[in-house]
Amino acid sequence: MRRLTAFALALAMVAVACGGGGTGGGAQDLSAQAPGKDVKPATKITWWHAMSGVNGEAINRIVKSFNESGKGIEVEAIFQGTYDDLLAKLNTAIASNAAPALVQVYDIGQAYMRDSGQIIPMQAFIDRDKFDTKDFEPAVINYYKYQDRLQSMPWNASSSILFYNKDAFKEVGLDPEKPPLTFSEVADAAKKLTKKDASGQTVRFGFGPSIYGWLFEQLMATSAAPYADNGNGRDNRATKVLWNSPEAKAILSWWKAGVDGGYFYNPGIDNAGSTNAFNSGKTAMYIESTATLRNTINVAKFQVGTGLYPRPDSKPKDGGNIIGGASLYIMKSRPVEEQQAAWEFVKYAMTPAIQAQWQSDTGYYPVVKAAYDQGPSKEWSTKYPQFTTAINQIRNSPQNRATNGAVLGVMPQARQRTQKMIEAILLGQASVDAAVESAVSDMNAQIDKYNKANP
Amino acid sequence: MSTVTAAAGIRAPRRIRAGRIGAYALLVVGSLLVAFPLLITISYSFMAESDIITFPPPVLPKNPTLHNYEQVLQAIPIGRYLLNSFVVSTVVVIGQLITASLAAFAFSFVQFRGRTVLFFVFLSTLMIPWEATIIPNYITIRSIGWLDTYQGLAVPFMATAFGTFLLRQAFLQIPHELHDSARIDGASSFRFFRSMVLPLTRPALGTVAIYGFLSTYNQYFWPLLITNQTLMRTTQVGIAQLRFEESLRWGLVMAGVVMVALPTLALLVVGQRQLIRGLTAGAVKG
Chain V
360 MRRLTAFALA
370 LAMVAVACGG
380 GGTGGGAQDL
390 SAQAPGKDVK
400 PATKITWWHA
410 MSGVNGEAIN
420 RIVKSFNESG
430 KGIEVEAIFQ
440 GTYDDLLAKL
450 NTAIASNAAP
460 ALVQVYDIGQ
470 AYMRDSGQII
480 PMQAFIDRDK
490 FDTKDFEPAV
500 INYYKYQDRL
510 QSMPWNASSS
520 ILFYNKDAFK
530 EVGLDPEKPP
540 LTFSEVADAA
550 KKLTKKDASG
560 QTVRFGFGPS
570 IYGWLFEQLM
580 ATSAAPYADN
590 GNGRDNRATK
600 VLWNSPEAKA
610 ILSWWKAGVD
620 GGYFYNPGID
630 NAGSTNAFNS
640 GKTAMYIEST
650 ATLRNTINVA
660 KFQVGTGLYP
670 RPDSKPKDGG
680 NIIGGASLYI
690 MKSRPVEEQQ
700 AAWEFVKYAM
710 TPAIQAQWQS
720 DTGYYPVVKA
730 AYDQGPSKEW
740 STKYPQFTTA
750 INQIRNSPQN
760 RATNGAVLGV
770 MPQARQRTQK
780 MIEAILLGQA
790 SVDAAVESAV
800 SDMNAQIDKY
810 NKANP
Chain G
-16 MSTVTAAAGI
-6 RAPRRIRAGR
4 IGAYALLVVG
14 SLLVAFPLLI
24 TISYSFMAES
34 DIITFPPPVL
44 PKNPTLHNYE
54 QVLQAIPIGR
64 YLLNSFVVST
74 VVVIGQLITA
84 SLAAFAFSFV
94 QFRGRTVLFF
104 VFLSTLMIPW
114 EATIIPNYIT
124 IRSIGWLDTY
134 QGLAVPFMAT
144 AFGTFLLRQA
154 FLQIPHELHD
164 SARIDGASSF
174 RFFRSMVLPL
184 TRPALGTVAI
194 YGFLSTYNQY
204 FWPLLITNQT
214 LMRTTQVGIA
224 QLRFEESLRW
234 GLVMAGVVMV
244 ALPTLALLVV
254 GQRQLIRGLT
264 AGAVKG
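Line by line, the protein sequences are chains V and G. Heads up, the first sequence is in our numbering, so the first residue is 360 and it goes up one at a time. Heads up, the second sequence is in our numbering, so the first residue is -16 and it goes up one at a time.
Please keep in mind that the hints were generated in silico from the structure rather than gathered at the bench. Glycine residues also receive a C-beta, built at the ideal position from the N, C-alpha and C atoms. Misleading hints may appear alongside valid ones.
Sample of chain V residues facing chain G (criterion: CB under 7 angstroms; computed from the structure) [unchecked claim]:
id, residue
1, Ile437
2, Ala454
3, Val658
Modelling step: build the complete structure from the supplied sequences, incorporating the hints.
So this is what it looks like as structure tokens:
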């Protein structure tokens, strides 16, 4: 998979080099970029997505109901492999003018999609139709904005939360209804929850997060610390990463102390491994995406609790959570009629009823708040009360550049580089300071190269 | 004296038997080690997800279940995927055998100017990474309208430099005198190729066939690239559909893997006898 990613990115560079620049200045009206209001929508469009299994079925359900809604438009949804596969295929297709009208791309591909010049910003349609986005979840929609203009429509949104084992909490005398919140509280609880057998082997660790770049991004956001300069790359293109800030070092030192102290488990760069460790009771707490919540509740043989994402002891009031997931882009290379049809579908998909159905089918956040008043969404909250934590967390997240999350053209590489950095620190191969400095200088060089290649 | 020899006579086979038991024990351990990934795949495919995640990881299913298989059948049209993969792989193998054996024959028996140079140019194509050719190939296939077709999946792989190289090395083992005497007896080049070269190099042909079959069967990116209809997709793309982006369900994936791997394993078992027969036939006649 990593090879495919590299491949996709190599292609990305080429496509970007040919494609031309970004969207340009301030908050001007973008309607001119959208097709005219009176363009008749095409009768058939194609949508590429990366959702398999249950999520894929949920997509087919939405498409089917849209096709039967009498709008005279037929959407064909095609599964194109993982996010990386899809992007690689998209690049190939763009080269020979075979791209679809609508395409789902993952969160960290947003700067690339914008810089490619191959998309019509969603804001163009919103401005043209004076489409109301007041009811959209701010934390979700802000993640896909550049210079306050929406580039793509959020589709599957998730966030990360603290998962904890209520049975283990009771066993060691912790209050199962009061999960730890700050770094110190997590560390203290983890020390209590760590259990050794007679031979001194640890049979249960207190806390076991995977070395996952996304989790580090989230920890930076709850620390109210920007990940990159120029407003996390949202006011202007980022020129350097800020992983050497005191906040970043505090996060890394906390993580390192936990692993060294033997009460944090280190599964390595392995998200599935950390999930399995928690589900099987090998760790009593961990942090992961809300998208894994339903599966964990269904397979775990203990009571699963959810808490707000960890943050520094000072609980910075500007700190909050970022979302992750993927969004929908309308492609410029298709005829205007198809773009129009794609927009019709996007509007349909954003109606509260469809969003509520999408949430209860998949466990992702609804993008529009009104969805929570719909039947399927209410049933879902009753069935999985743990999900309320996730909703409240996103709701209460203050909206600023730190909590909007970072956008970089080289975001996939940045994520990998932070993982390497964290691994080196946890394994004791480098001190926090040394590891951070070398990661920052590596990454800044890559950003510089990208920015020069995409003036 | 005679008692000693008798005793020795009895002891000798026993020692051999003991040695043989030891050898078999070693072989059993070795084959278990080699087959472990396959065995654990089969075992996991019969396990419920809540059993798989227990710690320490289980080896055998406590409550064997067919649930995963039912889920695979529900989730994807795996029968159709298998059919597609078989059709494409078989066509590719036939194509590769024809082109590679004819090319190898030219490179080993036919004298012409620039043969060596041409052969090295041929070989050097092995060094071109597939990433470099995939976009031109895609554009070609698209422009002749072969997206979503069997020919689009198969034709780009019908010639193989590796297979040609392998067969040329095998053909070079055939003494030139055979060729000469066949010519003297009035056989045409094609007759010699058909009735002497091909039967004598059956093991090599078998290797090329199996290698071609498996590598086509295991292709992922090309079929993903040029197919959009569910009905034209192949097995590996199908298995990818069982991998959920956010939460991996191992039991389901393993059941899919077993269903996809079994036909190739069966093919290997059937093909192996043929291969070994070909191998020994060649060895004795030398």
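Structure-based check of each hint:
1. Ile437: Hint holds; Ile437/V Cβ to chain G Cβ min 5 angstroms, cut 7 angstroms.
2. Ala454: OK, holds: Ala454/V within 7 angstroms of chain G, min 6 angstroms.
3. Val658: holds, 5 angstroms
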